Structures are given as structure tokens and as C-alpha cells.
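Enquirer: One-letter residues, chain by chain:
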Amino acid sequence: MSASTALSLEEVRSHLASMVGDEHANLRGDGIHAAPANILQIAEVLRFAHKNDLSVAPAGGGTKAGWGNRVPARIRLSTKRLTSLIEHSWQDMTCTVEAGSTWATMQAELARHSQMVALDPLWPDRATVGGIAAVNDSGALRLKYGGLRDLILGMTLVLADGTIARTGGKVVKNVAGYDLHKLMTGSFGTLGVIAEVNFRLHPMEEHAGTWSATASDVAQFESPLRALLDSQIAPSCVQVRVKREKCAVDIRIAAVPHCLDEQADRLEKVFESFHLAVSTEEVWQARQELFDRDYAVILKVSLLPAEICSILSELQQQAVSDRLDIHAVAQANGLVTVAFGAATDEVIASVEYLRTRARNSGGSVVALQMPDELRGRLDVWNCDFNALPLMREIKRRFDTKQILNPGRFVGNI
Amino acid sequence: MLSASHIAELRAAVGEDGLITGRSQLQTYECDGLTNFRALPGAVVLPRSAAEVQAVVRVCARHKIPFVSRGAGTGLSGGALPAEGGVVISLARMNRILEVDIANRYVIVEPGVINAHVTQRVAPDGYFYAPDPSSQSVCTIGGNVAENSGGAHCLKYGFTVTHTLALDVVLPNGDLVTLGSRALDAPGYDLTGVFVGSEGTLGVATRITLRIVKQPEVVQTLLAAFHSPQAAGQTVSDIIAAGMLPSALEIMDTLSIEAAEAAVHAHYPMCGGLLLVELDGPSTEVEILMHEVRAISQKNGATEIRLAQSDEERMLVWKGRKAAFAAMGRISPNYIVQDGVIPRTALPRVLAEIAGMAADVNLRVANVFHAGDGNLHPLVLYDRAIEGQEEIALDLSYRILHLCVDNGGSITGEHGVGKEKQEALGYMFAEPDLATMQLVRCAFDPENIANPDKIFPRPRLCADRPGPYRPHPLETAGVAEIF
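Residue numbers (my numbering), protein chains in the order written: chain P, 47 to 459; chain A, 138 to 620.
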């Protein structure tokens with residue numbers, strides 16, 4: 047990837063200013079921040095970048111800009127001016143929203159009809175629809191409602207060469223053509239810029255309760271958790287919070303009022319050897335709190351659901367013996383956020399151990415956050431799988447000049 | 138098209154007993170469930186393992202021979218229609234369930250495993266495999282993956298893609314790759330999500346990891362009879378607006394009821410629009426919600442409301458519904474099944490238009506639909522023996538698809554584009570959209586040998602670079618309606 051030598055930075059800015067307006071094209075450091083007003087301007091900016099071999103980093107709220115490999119980009123393409131909820135067909139329970147809308151703004155509009163996109167991503171107040179889709183973020187609600195693969199019905203994209211393309215549709219059931227929105231979801235902005243997203247909606251959970259129980263060793267939760275997920279209780283969210291010497295389990299159940307009591311009774315039976323107490327909704331902020339505190343290293347770990355407790359228990363024991371400051375939040379579906387207070391050799395060893403354990407059961411460990419001095423010593427993605435050449439070929443076809451987030455993704459895609 | 142040396146190479150790949158070249162036997166494979174498209178393959182191979190599939194595909198790749206993979210051949214859009222003179226890869230012998238992991242709620246199967254067998258295998262543990270296409274007693278998981286099959290219960294539980302965690306795929310160059318993983322969110326592009334529903338154009342799935350779901354505590358099925366499908370449709374909208382997510386919401390019109398009754402004797406009430414509502418979940422919740430469904434049905438003028446009283450009765454209700462397509466043979470010599478989707482709220486308008494369009498050409502259209510997600514199955518009834526009527530019927534069926542697109546919907550909800558709806562895909566998507574899909578196609582299959590000439594409106598070659606920038610119709614239209 048070579049940056050253009052033909053154009054000076056000021057010349058690039060001036061070109062971009064002619065497309066998006068002078069006040070929306072600004073020189074910052076050694077790049078230009080450009081904020082197009084609409085999809086046509088996004089296409090125009092990308093066509094210009096493509097023609098001139100300028101690297102582009104699409105950006106929403108910038109909340110996850112540090113995730114993935116570091117890539118210097120000449121143009122930071124912000125979606126912050128594309129914020130409309132274009133359509134809310136509440137009777138069809140679908141909506142179309144521009145990528146730069148924050149998650150919370152969109153949800154507030156949908157809530158007027160007691161509907162929601164059933165996903166609880168990080169930093170809803172600042173994170174945008176496009177950014178959340180680009181990293182495929184998901185929270186505890188995924189247990190009940192699925193992830194973005196299940197919630198996104200279609201998209202409007204702009205490819206690296208400025209081509210505007212639509213994929214999917216606005217109806218829940220649709221198998222016409224390839225589902226490019228699935229390819230875009232989680233692609234870290236390496237294949238195109240997401241401009242609009244169509245979602246399927248769910249009714250808001252009007253009657254819900256959260257219950258929590260604590261223990262010293264997370265292994266103690268293994269059997270009740272298994273019983274819970276194998277029971278007729280249908281929780282919306284189940285998470286386990288783990289620290290070095292204590293842990294807790296949280297369960298959220300939504301149901302019609304009368305049934306909620308009955309489900310709570312059943313839940314108590316499953317956790318009868320614990321003290322199960324009514325808890326607050328705030329416990330569901332636990333994952334985000336890991337990022338908001340000053341943890342040095344944060345991992346996204348994917349495990350088989352039945353292995354969460356045993357693997358986290360091993361991690362607890364390591365933390366005790368090596369005096370590690372560690373904090374983890376695990377969703378019952380197997381997705382775990384693990385945070386370490388320091389970036390010591392013991393932590394690196396611990397990450398490598400987790401990687402081995404995860405890989406043995408088809409899981410993975412991605413280092414979402416780490417101090418700069420660790421980059422190089424700790425691989426962000428740590429992936430070596432046989433589909434990588436195919437992924438590279440897809441990237442090559444979509445982005446012939448490799449201008450979109452070059453090197454940020456798996457295998458330096 | 139296949140030479141003697143090609144045949145010899147295929148024989149070496151799968152053995153003598155895995156190769157079919159006799160003309161009469163080949164004719165068994167000349168179509169799928171869409172029988173008006175037929176083509177004779179040059180050879181059919183029946184591999185027993187991923188390695189044998191690889192060996193076959195390598196032969197095809199070496200000589201640029203088109204191949205089409207095939208499960209049970211129940212597809213309704215011609216997806217498994219052979220390439221004339223090419224190779225058909227039947228996955229019928231790869232029918233083992235390889236692994237069952239109840240604690241982690243997944244099952245690993247070979248592509249030839251029959252859909253219903255997955256549920257049969259895990260039912261004793263209290264689980265089921267959710268996607269339930271009407272052909273589930275014979276159709277295969279490999280075919281379901283190719284088509285992203287749905288079924289009546291996908292309203293609540295989602296489609297095949299919702300339940301596919303990982304795939305081993307033989308790429309069109311013969312390489313074997315793993316897409317996705319048993320654990321969620323494997324790093325990299327979600328190629329599992331892209332492969333499911335790609336109709337055999339990106340490779341051959343040889344090993345499939347499926348999610349299984351806990352069986353609900355109770356299931357209740359209610360029949361409500363209305364004067365018209367529109368009244369039944371309004372009931373559906375009201376049920377959804379009340380915040381409920383039934384496991385199934387189905388509507389049948391008079392013609393469909395008549396046909397299903399003749400075939401299965403499901404004891405349906407004879408009416409203008411029959412609504413089937415199925416709720417599942419914790420027993421108390423289902424009781425309360427079913428009460429609400431009754432009230433909504435009454436408010437919309439239901440003339441009869443009946444709750445299936447036993448599992449047997451419930452099964453019979455579903456048997457009638459699932460037999461509805463085949464049952465059309467009882468009331469019409471020939472019929473075309475379509476698979477359009479519309480936003481649920483467009484239902485009354487679209488049904489009225491379909492009725493008008495049918496009346497204009499003197500044909501009958503029966504309607505069976507997954508009303509909860511707006512998936513219509515209009516059945517255009519005609520008689521091939523009447524000169525010119527088949528063409529009129531085909532034309533009507535395509536115009537119905539255009540009507541669905543015009544109303545903000547899709548040309549296919551679960552049957553796939555296949556051979557049948559190639560041109561209609563061009564009505565639904567603009568040229569830049571199709572060209573972008575083609576980028577995926579070319580990354581997987583640059584030689585265009587995997588199920589070629591399906592899905593896309595015209596043959597395309599991967600050597601065709603997209604060329605100069607082509608504006609999206611959104612742009613030429615000034616996108617005034619969007620912003």
C-alpha cells in the first residue's frame with residue numbers, strides 16, 4: 047500500500063473540501079478528516095481516494111478505532127453526518143437507518159412504538175450503527191435474539207471504487223442473491239463503507255427482572271448454568287462476572303407479568319444452593335465497564351458454552367498464583383471479555399494459554415486492546431486457518447488497490 | 138460433453154460403484170422439484186467422503202467441467218438442475234450424523250443427512266433442529282444450506298443460516314476449507330453467512346455444524362376461520378402488534394383448504410381464509426397469550442376458533458398445511474408454486490391485486506402463506522393441455538414476483554432463485570448490486586464451474602472486470618426519495 051506521492055496533503059484536503067464542504071474536510075496530523083453529508087458524497091470521496099491510491103479508514107463514533115491492527119490512513123471518512131432514521135415501518139417491525147446514527151438515538155426513536163433492535167452493544171450513546179456492524183459487536187441479549195447476522199436484513203454499501211450497492215432487503219425472509227450484508231458485518235471496514243442498514247425489530251422487553259448470585263470459584267456455577275440452559279426457563283441474558291477471588295452470575299428474564307413470577311420460582315430452584323437475589327439492571331453494564339476502566343489488555347474470547355466455567359476457573363487460579371489483576375465477563379453463549387490490569391510477561395503467558403485452550407474447541411482469542419509496547423509481542427488476531435487465502439481473494443476483488451483499512455484485519459487483510 | 142478420459146478420471150475419484158453414466162439412470166437426475174426445467178448430465182458421481190468430493194471437483198476444475206451438487210432434489214427453483222452434459226455430485230451417500238454435543242447445543246452432520254433425522258436424533262435429549270421446510274422428511278441438510286431453507290417455524294426460530302455455525306467446504310478449485318467454527322464469532326469474514334443460501338454456486342459443503350434448540354415446554358396450535366384471507370391477515374398484524382412472536386402464523390385460502398382437505402383430511406373448517414397460529418414456550422405464558430389470540434381473532438370476525446386438542450390433531454393440522462403444494466394436483470392438472478415476500482402490512486393490497494391479475498387472464502391462484510413474515514406462496518393453477526395456458530400461467534407467476542418487489546419485498550423467501558427466477562433477480566437488484574455479488578462469486582469460483590448459469594440474470598465471466606464506474610439507479614434517480 048503506497049500513499050499517493052502525486053498529491054500533497056493540502057491538495058488532498060482541498061479536493062475533499064470541494065466534495066463535502068470546506069468545514070467538513072480538515073487536516074489532522076498526517077491525514078484528513080472528511081465527513082460526507084450523504085451516500086453520494088461517500089462515493090465521491092472513495093472514488094477520489096481509489097484513483098489516487100489514498101488509504102481510507104471509515105469511522106463512526108471512533109469508540110473501537112483501536113481494535114484490530116494499527117493502520118495509518120490518509121483519509122478518515124466519518125459517517126457522523128449520516129444520522130437519520132430513514133424509515134421505521136413499525137407494523138412490519140423493520141427499520142432503515144443511516145450508518146452514522148448512534149445506537150441510542152436509533153433505539154430512542156424505535157421505542158416510540160415500544161420496539162428495538164434486540165442487541166446491546168458497547169457505548170450505545172456514542173457508538174454508531176455502522177461501526178457496531180463493522181466489528182459485529184454484541185452483548186448479553188444475543189443469547190435470546192441472536193447476533194447481527196440474524197438482525198440485519200440488508201444494507202446499502204459503498205465499495206472502495208465508489209460503487210454503491212444494495213444487498214438484502216427490508217423483509218425478514220429473503221433469499222434472493224448473495225447476502226453481502228453478512229460479509230460486511232464484522233469485516234472491520236476492509237471491504238466497503240456501510241452507509242445504511244436495514245434491521246428487523248423486536249418488541250421491547252416490558253416486563254423483565256434480573257437476578258444474581260455470587261460464589262468464590264466460578265466452577266461452582268458450571269452445573270446450575272448447564273441446568274438453566276437445559277431448562278424451560280427462557281432467559282434473555284445470562285452472564286458470569288469473574289474476578290480473582292470472587293464471581294457472580296446474572297440472569298435476566300422477560301415474560302408477561304404473571305409468568306415472570308413463575309419463571310423466577312423455577313430459577314430459584316435451579317440455583318437453590320446459592321443465595322439468588324433480585325439484582326439491578328446495572329449489572330448488564332459489566333462488559334462495558336471493563337473497557338471504561340483502565341485495563342491494559344482486553345481480549346474477546348470465544349469458547350464453547352459448556353467450557354466457560356472450567357476455563358475461567360483455571361484463569362482464576364492462574365490469577366491467584368501469579369497475582370494477576372484480572373476481570374472477565376462471560377456471556378452464556380460462549381463469548382467472554384477478559385481484562386488484565388497490567389501487561390506483564392505473566393499476562394502474555396496467560397493469553398497464550400487461553401489461546402491454546404480456546405483453539406482446542408474451535409474457539410478464538412482476539413486482543414482488542416493492548417498497550418503499544420505489547421503490539422508485536424502479542425498478535426491481535428492470532429489466526430492461521432485454511433480459509434485465509436479465500437478471504438484475501440475476497441478483499442482483493444472488493445478493494446483492488448487495498449485502500450480500505452489496509453492491514454487492520456485478520457491475516458493483515 | 139464428457140470425454141472417455143474425463144469419465145475415467147471421475148471413476149478413479151469415486152470408484153466404479155460411485156459413478157453413473159447410463160442414459161436411463163442419468164434421467165433420474167435431469168431435474169429437481171421444479172420439473173419444467175430439465176437437462177441431462179454427462180455423469181453423476183456419488184462420493185462417500187470429503188476427499189472423494191475433492192477428487193471429483195479437482196477433475197472438474199482441471200478440465201473446466203461444470204458441476205452441480207445435489208441433495209434429495211426437492212428444491213423448487215431449479216437449483217439442482219444439471220448443467221447439460223456436466224457432472225452432478227450427489228451427496229446422498231454422505232449421510233452420517235458425525236457428532237452430537239448436547240451441552241454445547243450443536244450437531245455435526247454430513248450434507249446428505251435428512252433434515253428430520255437431525256431432530257429425531259436429538260429429540261430424546263429434549264432438543265430439536267428448528268428449520269422445517271415442508272419437505273423436511275426427505276430433503277437434506279446440504280440442500281437446506283444451499284438454499285438457506287426456512288419453513289413455517291422460522292418466524293420465531295430463524296432460517297438455516299441462523300442455525301449454521303460452521304461448514305467444511307470443497308471450493309471450486311478442489312481445496313477443502315473450514316468456514317466458521319463451533320464457537321461463535323470466528324475471526325475473519327463471515328463466510329458461513331455468505332455460503333448459506335448461495336445455491337451451490339460457491340462450492341460443496343461436506344460437513345455442517347448445526348445449532349440445536351431446546352424443545353419448548355408446550356406447543357399449542359389454533360385454527361381460526363375467517364371470511365377472507367384479508368381478515369386473517371389483519372388478525373396476523375394485530376397479533377404481531379400486540380408484541381407476540383408466535384412460532385408460526387400461516388394462512389390458507391379457500392382453494393388451498395379444499396386441496397389440502399382432499400389430500401389429507403385435516404378437518405379444516407371450510408372458509409375464505411384459514412389462520413393457523415402456533416405458540417410455544419412455558420405453559421402459563423402460552424395459555425395467557427393464546428387467550429389473547431382468541432380475542433384478537435374474534436375481534437376480526439372469526440367464524441370458528443378451534444384449538445388442536447392433542448399432539449395427533451396438531452400433527453394433522455400441519456400435515457395438511459405441509460401437503461398444500463402437492464395437494465394442488467387434486468384440484469388442477471398443473472400448477473406453479475411461487476415464493477414472493479412482501480412487508481406484512483402490504484398483504485391485503487397485494488392479495489387483492491393478485492386476485493385481479495388472475496381474473497384478467499382467467500386463471501385461478503391459490504394462496505398459502507407464511508403470513509407472519511409476509512412470505513406468499515401463490516399457486517398458479519392451469520392446464521398444460523390447453524394450448525398457450527402454460528405461458529400465460531408462467532407470465533402471471535413472474536408478474537406476481539414483480540408485484541412483490543414493487544411493494545418493497547423480495548422474489549424469494551425460501552425457495553431460492555435457482556434457474557427459475559434469474560431474470561426476476563435482475564428486476565429486484567440493479568446492475569451494480571449484481572456486479573458486487575459477482576465479486577464474491579469470482580473470489581470463490583473464478584472459472585465459473587460451480588452450478589453455473591444460476592441465480593444471476595445473464596452469464597458472466599470473472600475476467601470481466603467491473604470496468605468503468607457505473608452509477609447506481611439511486612444516483613441517476615437523484616435519490617430524492619431517500620433523503
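Read the hints as simulated data drawn from the structure, not as lab findings.
This structure is a prediction, so every number in the text was calculated from the model and none was measured.
Check before you lean on any hint, since a few could be wrong.
Stated by the list, open to error - Using 30 angstroms as the maximum straight-line C-alpha spacing, the simulated DSSO-like pairs for lysine-lysine come out as follows:
| id | chain 1 | residue 1 | chain 2 | residue 2 |
| --- | --- | --- | --- | --- |
| 1 | P | Lys190 | A | Lys201 |
| 2 | P | Lys292 | P | Lys190 |
| 3 | P | Lys126 | P | Lys346 |
| 4 | P | Lys346 | P | Lys190 |
| 5 | P | Lys190 | A | Lys351 |
| 6 | P | Lys97 | P | Lys315 |
| 7 | A | Lys293 | P | Lys315 |
| 8 | P | Lys447 | P | Lys126 |
| 9 | A | Lys293 | P | Lys346 |
| 10 | P | Lys190 | P | Lys315 |
| 11 | P | Lys315 | A | Lys351 |
| 12 | A | Lys456 | A | Lys293 |
| 13 | P | Lys315 | P | Lys292 |
| 14 | P | Lys97 | P | Lys126 |
| 15 | A | Lys351 | P | Lys346 |
| 16 | P | Lys292 | P | Lys346 |
| 17 | P | Lys190 | P | Lys289 |
| 18 | P | Lys315 | P | Lys289 |
Stated by the list, open to error - Derived DEER-like restraints, expressed as beta-carbon distance ranges:
| id | chain 1 | residue 1 | chain 2 | residue 2 | range |
| --- | --- | --- | --- | --- | --- |
| 19 | P | Asp276 | A | Glu424 | 22 to 28 angstroms |
| 20 | A | Ser420 | P | Glu360 | 36 to 42 angstroms |
| 21 | A | Arg443 | P | Glu308 | 23 to 29 angstroms |
Glycine included, each C-beta is placed from N, C-alpha and C at the ideal position.
Enquirer: Hint by hint, say whether it matches the structure.
Expert: Each hint, compared with the structure:
1. P/Lys190 x A/Lys201: Measuring from Cα to Cα gives roughly 45 angstroms; hence the hint is violated.
2. P/Lys292 x P/Lys190: holds (27 angstroms)
3. P/Lys126 x P/Lys346: holds (27 angstroms)
4. P/Lys346 x P/Lys190: Distance ~20 angstroms between P/Lys346 and P/Lys190 Cα, so the pair holds.
5. P/Lys190 x A/Lys351: holds (12 angstroms)
6. P/Lys97 x P/Lys315: violated (65 angstroms)
7. A/Lys293 x P/Lys315: Measuring from Cα to Cα gives roughly 28 angstroms; hence the hint holds.
8. P/Lys447 x P/Lys126: Holds, because 26 angstroms separates the two Cα atoms, which is no more than 30 angstroms.
9. A/Lys293 x P/Lys346: Between A/Lys293 and P/Lys346 the Cα gap is close to 29 angstroms, so the pair holds against 30 angstroms.
10. P/Lys190 x P/Lys315: holds (21 angstroms)
11. P/Lys315 x A/Lys351: holds (19 angstroms)
12. A/Lys456 x A/Lys293: Status holds; Cα separation ~20 angstroms.
13. P/Lys315 x P/Lys292: Given that 30 angstroms is the threshold and the Cα spacing comes to 22 angstroms, the pair holds.
14. P/Lys97 x P/Lys126: holds (24 angstroms)
15. A/Lys351 x P/Lys346: OK: A/Lys351 and P/Lys346 at ~27 angstroms, within 30 angstroms.
16. P/Lys292 x P/Lys346: holds (21 angstroms)
17. P/Lys190 x P/Lys289: Satisfied, since the Cα-Cα distance of roughly 26 angstroms is no more than 30 angstroms.
18. P/Lys315 x P/Lys289: Roughly 26 angstroms separates the two Cα atoms, so the pair holds.
19. P/Asp276 x A/Glu424: 22 to 28 angstroms: holds (23 angstroms)
20. A/Ser420 x P/Glu360: 36 to 42 angstroms: Between A/Ser420 and P/Glu360, where Cβ atoms are some 40 angstroms apart, the hint holds.
21. A/Arg443 x P/Glu308: 23 to 29 angstroms: holds (27 angstroms)
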